[in-house]
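Please model the entire structure based on the sequences and the hints provided.
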Amino acid sequence: MQTNFSLAQLADPAMAASEKILRTCVHCGFCTATCPTYLLLGDELDSPRGRIYLIKDMLEGAKPATAEVVKHVDRCLSCLSCMTTCPSGVHYMHLVDHARAHIETTYARPPEDRWLRSLLAFVLPYPNRFRLALLGAKIGQPLRSVVARLPRVGNRLAAMLDLAPAALPGRNPTDRPGVFPPPANSNAPRGRVALLRGCAQSVLRPDFNEAAIRLLNRHGVEVVQPKGEGCCGALTHHMGREDSAHAFAKRTIDAWIAEIDGKGLDAIVVTASGCGTTIKDYGFMFRNDPAYAEKAARVSALAKDVTEYVASLGLMEPVIESDLVVAYHSACSMQHGQGIRTEPKNLLKRAGFTVKDVPEGHICCGSAGTYNILQPEIAERLRARKVANIERMQPDLVATGNIGCVTQIGKGTALPIVHTVELLDWATGGPRPEALANLPDRAAPMAAE
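Note that the UniProt record's numbering gives residue 123 to position 123 of the sequence shown, counting from 1, and the numbers run on in steps of one.
Careful, some of the hints might be misleading.
[Unchecked claim] Cut-off 25 Å, straight-line C-alpha distance, at most; resulting in silico cross-link-like pairs (PhoX-like, lysine-lysine):
1. K138 <-> K356
2. K263 <-> K250
3. K295 <-> K356
4. K263 <-> K227
5. K20 <-> K63
6. K71 <-> K138
7. K227 <-> K250
8. K345 <-> K295
9. K356 <-> K345
10. K227 <-> K295
11. K411 <-> K345
Calculated from the structure, these hints are not laboratory results.
What follows is the structure, given as structure tokens:
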């Protein structure tokens with residue numbers, strides 16, 4: 001794509017990076033075939049190619065964002081399916097991130113939109129605030145029909161109530177800063193890793209990290225959750241709130257660097273793939289920050305999804321035999337954001353499960369961070385499509401690697417949905433996942449040879 005940025009514009013590193021991305025696009029339109037919003041809405045401006053034109057015009061013309069640009073960029077899920085499809089290697093993620101930041105600083109959103117986004121940014125990255133908000137949502141759920149009728153913002157508030165769990169899990173003994181060494185009778189020491197506690201997942205499903213700690217310990221890996229680490233910044237980063245996102249990221253980087261420079265780390269393990277995609281991009285996010293460029297690059301280089309890391313160790317032999325059929329939903333941030341496609345499925349197969357790919361597996365379920373709150377109608381259509389594809393396979397359960405997908409899909413189906421790490425933990429000696437409590441027990445201890 002031909003561009004006409006001025007030399008003064010290109011002196012801005014962010015603008016120079018976006019100009020390079022724009023020049024990579026050749027208008028082929030391959031991206032339209034796999035873009036969820038284009039498939040649903042059929043509007044060229046709701047495709048990656050259409051958004052690229054809008055973003056180019058906005059940035060190149062040094063224009064404030066308009067309502068039209070905001071509408072179509074807001075509808076983008078940042079699922080990154082277009083990046084998997086693109087034959088030219090257009091780095092759409094960095095371009096749309098820049099566009100969102102530009103929108104945040106140049107566009108005056110309607111008051112109700114500003115309020116809702118500020119509320120999400122104030123609550124979700126902070127576990128204690130989020131826990132209190134969920135208690136409030138539980139009280140408010142009987143009033144959902146009234147809330148839904150509120151002008152302009154009712155549908156989004158109703159979506160928030162719909163996504164709130166019926167009950168909050170109790171405090172988890174592993175959801176704290178600390179060191180979790182492998183048991184004395186485990187394999188020989190095989191590594192030392194940091195495990196991201198994060199924010200929303202630690203409130204909604206602390207059992208995911210608990211399963212990860214057990215699994216890693218069982219494989220001879222010491223797990224540390226350093227003091228000071230928290231939200232990785234992904235939630236506000238995707239809202240275009242760069243100052244907030246960078247503040248969260250810097251705090252987490254500092255906590256991990258202290259461990260790297262202290263006793264050392266072999267990896268930084270992440271159980272929420274949406275967070276993993278952002279952490280692996282820290283090197284780019286801070287490339288022009290003299291105080292953090294080198295530290296961020298070191299952190300990004302160590303970041304691994306839990307299935308990536310366990311695959312590198314080699315999963316131990318399962319201790320149960322199971323004929324359960326697992327529909328594996330590959331989160332967009334896993335397959336498109338990080339390029340992790342085979343490791344989770346191969347691990348599940350090695351653990352003894354029958355694994356089936358979901359039809360249209362490249363299409364987003366509609367979670368996409370806060371998208372299912374900010375764009376509830378599109379998110380609901382995507383969830384219905386995803387659930388129909390899953391249920392058509394008649395699996396026993398669904399497995400995935402991202403808390404957002406667990407919540408989104410779980411609200412649309414009666415099938416149990418678990419994190420991949422829960423199944424791997426169970427198969428190698430951990431407890432049966434709580435979500436499978438009502439599933440007929442078709443797993444048995446492995447027969448001795």
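So, going through the hints one by one against the coordinates:
Annotation: proposed proximity of K138 to K356 is violated, straight-line Cα distance about 35 Å (limit 25 Å). The suggested pairing of K263 with K250 holds, with an alpha-carbon distance near 20 Å, which does not exceed 25 Å. In summary, the hint linking K295 to K356 is not supported, as the alpha carbons are separated by about 40 Å, beyond the 25 Å threshold. This hinted pair checks out: K263 and K227 have alpha carbons roughly 14 Å apart, not beyond 25 Å.
A distance of roughly 19 Å separates the Cα atoms of K20 and K63; the hinted pair therefore holds under the 25 Å criterion. At roughly 31 Å between alpha-carbon atoms, K71 and K138 are farther apart than 25 Å, so this suggested pair is violated. Taking the CA atoms of K227 and K250, the gap is about 14 Å. The hint holds against a cut of 25 Å. As the CA atoms of K345 and K295 are separated by approximately 32 Å, the hinted pair breaks the 25 Å bound.
Taking the CA atoms of K356 and K345, the gap is near 9 Å; set against the 25 Å cutoff, the hint holds. Taking the CA atoms of K227 and K295, the gap is about 18 Å. The hint holds against a cut of 25 Å. Between K411 and K345 the alpha-carbon distance is near 23 Å, which keeps this suggested pair within the 25 Å criterion.
The structure shown violates the earlier hints numbered 1, 3, 6, 8.
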